[in-house]
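Engineer: One letter stands for each residue in the lines below.
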Amino acid sequence: MTLQEILSYDFLRYTLISACLLGPTCALLGVFVTLRSMSFFSDALAHSTITGLALGWFLHDKLNLPIDPTLFIIPFSLFLAIIMQWLMQRTTISPDTIIAFSFSGSVALGVLIISSLDRYSLIEGILFGSIYANGPSEILRQSLLAIAVLAFLFWQIRPLTLATLSPTIAEVRRIHTRTLSLSFALLTALTITIAQPMLGALLLSALIVIPSAAAKLVSQSFRQHILLSLLIGLLVPPTGVVLSCKTNLPTAPSIVLLNILVLIFCHILPRLLQLFKNKHHPSFPLYTQ
Amino acid sequence: MQTPSPFLLQLKDICVRFGNLWALQNINLTLYPRDVLAIIGPNGGGKTTLLKTIAGILQPTSGQILSTSPPPKIGYVPQRLHFDLSFPITVAEFLALLLPNIPFWRKSYPKNFPSLPYFKNFKIDQLIHKKLGDLSGGQLQRVLITAALLGNPDLLLLDEPAANIDQSGSNELSKLLASHQAQNPCSIVLVSHDLHFVSHLAQRVICLNSTICAIGSPEEVLNEHHLSTTFGRKLPKIISTSPPQPIPVKHSNPPTP
Chain P
-16 MTLQEILSYD FLRYTLISAC LLGPTCALLG VFVTLRSMSF FSDALAHSTI TGLALGWFLH
44 DKLNLPIDPT LFIIPFSLFL AIIMQWLMQR TTISPDTIIA FSFSGSVALG VLIISSLDRY
104 SLIEGILFGS IYANGPSEIL RQSLLAIAVL AFLFWQIRPL TLATLSPTIA EVRRIHTRTL
164 SLSFALLTAL TITIAQPMLG ALLLSALIVI PSAAAKLVSQ SFRQHILLSL LIGLLVPPTG
224 VVLSCKTNLP TAPSIVLLNI LVLIFCHILP RLLQLFKNKH HPSFPLYTQ
Chain W
16 MQTPSPFLLQ LKDICVRFGN LWALQNINLT LYPRDVLAII GPNGGGKTTL LKTIAGILQP
76 TSGQILSTSP PPKIGYVPQR LHFDLSFPIT VAEFLALLLP NIPFWRKSYP KNFPSLPYFK
136 NFKIDQLIHK KLGDLSGGQL QRVLITAALL GNPDLLLLDE PAANIDQSGS NELSKLLASH
196 QAQNPCSIVL VSHDLHFVSH LAQRVICLNS TICAIGSPEE VLNEHHLSTT FGRKLPKIIS
256 TSPPQPIPVK HSNPPTP
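Keeping their order, the protein sequence lines are chains P and W.
Letter by letter, the first sequence follows residues -16 to 272 of our numbering.
Letter by letter, the second sequence follows residues 16 to 272 of our numbering.
One chain only, chain P, in its complex shape (with noise of 0.2 Å):
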């Protein structure tokens, strides 16, 4: 399937501008969820998406009131990530067992709403997800999303960067970290909610952790971080799109899968370097006889 073959299809086409408009977005989000140590954070709430799923179900089924089901991933996804930062800031209980009981909570609370309305296919939907099932009004929320992204990060860089580094100097600096960090939680929940319909639960803190990830390990500067992670999410993610097209193979693995081979790369990289400037540049001289 060539280039033009896949954008006369209307599908591929929107799956195309998604991963265009989700990849940065997620990328350049996951450079403060990776700094900051929230990659489970964001795992859990990629997987509290099917309860509220399954609460919509359960209203819409057993209440027969007449909503759209998906409508409460997005409130059910923020309410969790209130109660996380809440517990997180309010109590002595360490953040990653807080995670580790909202994200079995949750997910053991969605299967047994599931299990009650009989609707098992659901799970499979959004543990997977489908990048083909993009339309106008999702383009129109992801690219909301990746405005509003942008804004908050423009506006708030350099407060969020100095809460990451050290939340003490920055208190000191009367700057609110605990309403930063609840906002920079929020946007992450709205980012994975919105995200997720196109990678699936299971694989879409890829999108998020693997770009910051790899350009970490090759950056010199922060500068130099952002903009690669950036660059990696714009470029990898409609790069699968179009390989998963011309090899017939699904196309939110193939995302991920290049995603790590590209972490791979940047993790050799810098050894492979270190190994050409050595054979150029010996540090020991050379004996001769």
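Derived by calculation from the structure, the hints in this document are not laboratory data.
Some hints could be false.
[What the hints assert, rightly or not] From chain W, some residues computed to sit far from chain P (all C-beta separations above 12 Å):
hint, residue
1, F22
2, Q25
3, Q40
4, N58
5, G59
6, T76
7, S77
8, G152
9, H215
10, H240
[Unchecked claim] Some chain P residues near chain W, calculated using beta-carbon distances under 10 Å:
hint, residue
11, I0
12, S87
13, V155
14, A198
15, K199
16, V201
17, H208
Just so it is clear, the structure is predicted and the values come from calculations on it, not from any experiment.
C-beta atoms are modelled at their ideal positions from N, C-alpha and C, and glycine is treated no differently.
Given chain P, put chain W in place with the hints provided.
Structural biologist: Chain W in isolation, oriented as in the chain P frame:
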């Protein structure tokens, strides 16, 4: 000795409680301009709590803090940064974060950036392009102090500034702070376990163990009586007028073949 007036900050009957534990009780303390005050005391004695209360990070359970109008600008140096060491942020980027008029993620920084007064004193110009995670304990401490001084604070708060550095680094830091304090109208409050560091730098010393056990000049406070009252045990002699004697090295006999 007449105390300078007016005060910079005055703490009146400050009490701080965490759950059932009173970290600070009835703290009355006045900080003056150009004051150098050291807080010493046992672990859990409320030293960092007092520093954070002065910084405004912690709200006291009771009591009040009076300050001059406008309130003094505060620079705070935490004991350590709890950050991911692989965070690829350079010293230049970190310092630019704290200067609102400099976009912190520019490729090149303004030419006057490394010529700010503290850069030379604290030898930051050699570290400017290094990543924070690659710095040694002493280098990071110098960067943190420079960062705290960037806004020309009236009050510099240092939490264990000599904790992560060796003896020579500690002496160097003590000289740097003393020279900075002599050149700038800045008060310093520091928390330290290093009594030598305290005796070299401080004008006043507080012994703190939830309450103020003693306050006065280093000569008045750093004696066996006050220290054993504060720490609850006998401590070795702190201030010695004679220079430290080298420890003799025992050479063992070389092994016989």
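Engineer: Next step is simple, just say for each hint if it's right about the structure.
Structural biologist: Comparing the hints with the structure gives:
no., hint, verdict
1, F22, "holds, 20 Å"
2, Q25, "holds, 19 Å"
3, Q40, "holds, 23 Å"
4, N58, "holds, 19 Å"
5, G59, "holds, 16 Å"
6, T76, "holds, 17 Å"
7, S77, "holds, 21 Å"
8, G152, "holds, 16 Å"
9, H215, "holds, 26 Å"
10, H240, "holds, 34 Å"
11, I0, "violated, 28 Å"
12, S87, "violated, 26 Å"
13, V155, "holds, 4 Å"
14, A198, "holds, 8 Å"
15, K199, "holds, 6 Å"
16, V201, "holds, 9 Å"
17, H208, "holds, 5 Å"
Of the hints listed earlier, those the structure fails to meet are numbers 11, 12, in rising order.
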